Amino acid sequence: MKLETQLTTTELLNLYQKMLLIREFEEKAAQMYTQGKISGFTHLYIGQEAVAVGAISAILDHDYVITAYREHGQALAKGCDPKEIMAELFGKATGVSGGRGGSMHLCDIEHRFMGGFAIVAGQLPLAVGLGLSITYKKENDVVLCLFGDGAVNEGAFHESLNLAKLWDLPVIFLCENNQYAMGTAVSRATSLTNIAQHACSYEIPSHRVNGMDVLAVRETVEHAVRYARAGHGPSLIEALTYRYRGHSMADPLKYRAAQEEEIWQERDPIPNLAQKLIEQNITTQQAMDQIQQEVTQILESAVAFAEESPEPPLDSLMTRIYEPFSNQNPAPPPKKSLLNPQ
Amino acid sequence: MPELTYRDALNEALREEMERDENVFILGEDVGFYQGSYKVSRGLLSEFGAERVKDTPIAEEVIIGSAIGAAMGGLRPVAELMTVNFSLLAMDQIINHAAKIHYMFNGQIKVPLVIRTPQGSGKQLGAQHSQQFETYFVHCPGLIVIAPATPADAKGLLKTAIRDDNPIVFLENQNLYGMKGEVPGHDFTLPIGKATVFKEGQDVTLIAYSNSLYIAQQAASELNKKGISAEIIDLRTLQPLDMETILASVEKTHRVVIVSEAWKTGNIAAEIAMRIQEAGFDLLDAPIQRVTAKDVPMPYNKHLEQAALPHAADVVDTVMAMA
Chain A
3 MKLETQLTTT ELLNLYQKML LIREFEEKAA QMYTQGKISG FTHLYIGQEA VAVGAISAIL
63 DHDYVITAYR EHGQALAKGC DPKEIMAELF GKATGVSGGR GGSMHLCDIE HRFMGGFAIV
123 AGQLPLAVGL GLSITYKKEN DVVLCLFGDG AVNEGAFHES LNLAKLWDLP VIFLCENNQY
183 AMGTAVSRAT SLTNIAQHAC SYEIPSHRVN GMDVLAVRET VEHAVRYARA GHGPSLIEAL
243 TYRYRGHSMA DPLKYRAAQE EEIWQERDPI PNLAQKLIEQ NITTQQAMDQ IQQEVTQILE
303 SAVAFAEESP EPPLDSLMTR IYEPFSNQNP APPPKKSLLN PQ
Chain B
2 MPELTYRDAL NEALREEMER DENVFILGED VGFYQGSYKV SRGLLSEFGA ERVKDTPIAE
62 EVIIGSAIGA AMGGLRPVAE LMTVNFSLLA MDQIINHAAK IHYMFNGQIK VPLVIRTPQG
122 SGKQLGAQHS QQFETYFVHC PGLIVIAPAT PADAKGLLKT AIRDDNPIVF LENQNLYGMK
182 GEVPGHDFTL PIGKATVFKE GQDVTLIAYS NSLYIAQQAA SELNKKGISA EIIDLRTLQP
242 LDMETILASV EKTHRVVIVS EAWKTGNIAA EIAMRIQEAG FDLLDAPIQR VTAKDVPMPY
302 NKHLEQAALP HAADVVDTVM AMA
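Line order of the protein sequences matches chains A and B. Under our numbering, the letters of the first sequence match residues 3 to 344, in that order. Under our numbering, the letters of the second sequence match residues 2 to 324, in that order.
Warning: the hint list may mix true and false statements.
Unchecked claim - Cross-link-like lysine-lysine pairs, in silico, DSSO-like; alpha carbons within 27 Å at most:
id, chain 1, residue 1, chain 2, residue 2
1, A, Lys139, B, Lys111
2, A, Lys140, B, Lys111
3, A, Lys256, A, Lys30
4, B, Lys111, A, Lys94
5, B, Lys265, B, Lys303
6, B, Lys111, A, Lys85
7, B, Lys227, B, Lys195
8, B, Lys195, B, Lys226
9, A, Lys85, A, Lys39
Keep in mind the hints are simulated off the structure, nothing from the lab. This one's a predicted model, so the numbers in the text were calculated from it and none came from an experiment.
Turn these sequences into a full structure, and let the hints guide you.
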């Protein structure tokens with residue numbers, strides 16, 4: 003199948019590089035987890051790379067991303083530093099969240115990566131609020147809110163879609179349907195398994211897209227972004243994808259059929275894109291090897307950085323639970339908005 | 002000094018802060034067109050418009066969640082939950098999100114959010130509408146909990162809360178909305194975390210907050226007839242607690258009764274008593290006592306309801322029984 007795209011070779015190689023970086027970052031994270039360097043819940047993104055990379059390539063640096071707890075790949079796609087993400091997984095002071103968050107709570111305000119949240123669907127109401135802050139300030143940003151198929155059965159999903167449409171907020175709700183909410187298949191948990199169709203209840207436009215095709219995801223999200231920036235409000239996108247690993251590192255993965263896994267392995271977005279790029283003479287094997295070398299180097303230095311970084315000091319434990327109370331600075335002038343200090 | 006109701010004092014605080022800072026806005030069920038179910042937001046829709054006075058669906062999780070998100074985006078939302086009973090539908094957003102975001106992300110994001118909601122019992126509203134939930138909120142680090150008892154405190158503390166960069170649960174009391182009192186003018190604010198000595202006394206300290214302040218006040222006047230001089234502390238802020246003011250009073254009176262309209266088990270009275278004995282055991286001449294609601298879902302029947310609630314007579318009896 004021919005690649006139908008307006009993207010330049012550089013843009014295509016960037017997409018490929020990001021996906022490869024995520025894949026290998028996650029493999030490295032799994033290795034570090036096995037070695038006991040990473041603890042806690044660690045949810046790998048392997049298999050779903052095309053969703054984050056395609057979607058986030060369709061928004062601008064200034065747009066928000068807010069997401070759930072399987073978010074290493076999304077943070078990488080948003081431009082967060084792999085060193086700081088790895089350091090966060092190691093619980094180090096140099097991590098994106100200072101070692102306080104861990105795998106499930108990456109946050110990088112500079113990149114408008116507004117956090118990984120670990121209560122299923124908890125981030126959807128927050129996305130609505132970020133969207134509200136954009137329209138309130140008459141800005142032109144959008145919010146890309148990612149969540150899994152499990153979130154669709156939570157009340158927060160329905161409350162959020164309703165309010166986002168009621169107020170026509172610039173939020174792109176992107177459901178990564180990886181077929182399983184932990185160990186429960188979508189068909190065993192959701193009465194309407196075509197998740198995109200849930201949007202009809204709220205008069206929100208929706209799209210169902212092949213989440214194993216980075217260009218298809220990108221194009222679909224681009225469409226929703228244009229719609230949001232034009233002031234028409236939210237969209238719901240369902241990306242059909244698959245996680246090649248268990249729900250978390252603790253999941254022995256005994257609930258899926260081998261045949262099903264094989265079918266999805268054949269759809270692996272990374273080798274498939276590589277093959278097309280070579281076959282269609284868009285790039286050379288040499289350039290692909292070069293990307294591979296760069297990724298290996300990035301990850302080696304990320305692990306070294308995480309290893310060498312200091313632990314957060316014990317005396318930081320009770321700090322920054324609260325911001326200083328306002329009565330310590332009486333009668334403050336109107337505050338400039340947090341994210342747009344002008 | 003003008004006299005205002007507790008309701009109008011809150012209304013004035015909202016109006017003044019919305020005038021001061023255009024990033025301040027309010028949202029909630031029936032706050033706009035209906036003018037607030039307790040009329041606290043009366044007149045604000047016509048004055049500030051629908052962009053800043055936002056009616057929401059009855060969907061507490063997204064009311065609070067979207068308020069948190071708006072705060073993350075640089076606004077200063079004041080979210081109203083029609084009554085505290087409905088806050089449980091938003092508890093995930095309050096506890097797992099609002100209270101955590103600042104710490105969990107290493108201080109990168111502020112959540113300047115005020116959640117206004119009334120609690121209170123005694124109006125025959127039945128088990129699901131006659132509750133006090135301060136214990137749930139004070140238990141959670143990352144939240145500030147305020148519970149004003151007077152119109153002046155309601156105004157001064159709400160203004161400070163709106164200017165604060167932390168998530169704040171602002172517990173009003175549905176039985177106090179009509180209460181009148183003198184309220185200072187435009188630039189009046191009160192500090193978070195400071196209790197006040199509502200009435201000075203020598204023999205016993207009555208610690209109270211919100212509507213229980215008036216139970217303590219009535220008890221103090223009864224005790225006065227019996228020759229006992231009670232000091233009353235109005236906590237005003239429940240998280241953080243002002244132990245300095247409490248301990249200074251205990252040092253004077255050496256006896257403490259804590260009065261609360263919430264259930265007995267896990268009542269904030271237990272936390273206060275523990276802190277007093279940790280920091281000032283030697284100051285005490287008698288065990289600390291508490292007068293609270295009984296541990297029962299509130300019955301509708303008036304006599305049963307009154308029997309479940311604490312009264313001034315209970316405080317008087319408790320004080321008289323202290324050695």
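Okay, the hints, checked on the actual structure:
1. A:Lys139 with B:Lys111: This hinted pair holds, its Cα atoms lying about 18 Å apart.
2. A:Lys140 with B:Lys111: 21 Å, holds
3. A:Lys256 with A:Lys30: 23 Å, holds
4. B:Lys111 with A:Lys94: Roughly 22 Å separates the two Cα atoms, so the pair holds.
5. B:Lys265 with B:Lys303: 20 Å, holds
6. B:Lys111 with A:Lys85: With a Cα-Cα distance of about 25 Å, the restraint between lysine 111 of chain B and lysine 85 of chain A holds, given a limit of 27 Å.
7. B:Lys227 with B:Lys195: 31 Å, violated
8. B:Lys195 with B:Lys226: Outside the cut-off at roughly 30 Å; violated.
9. A:Lys85 with A:Lys39: 15 Å, holds
Going through the hint list in order, the structure does not satisfy hints 7 and 8.
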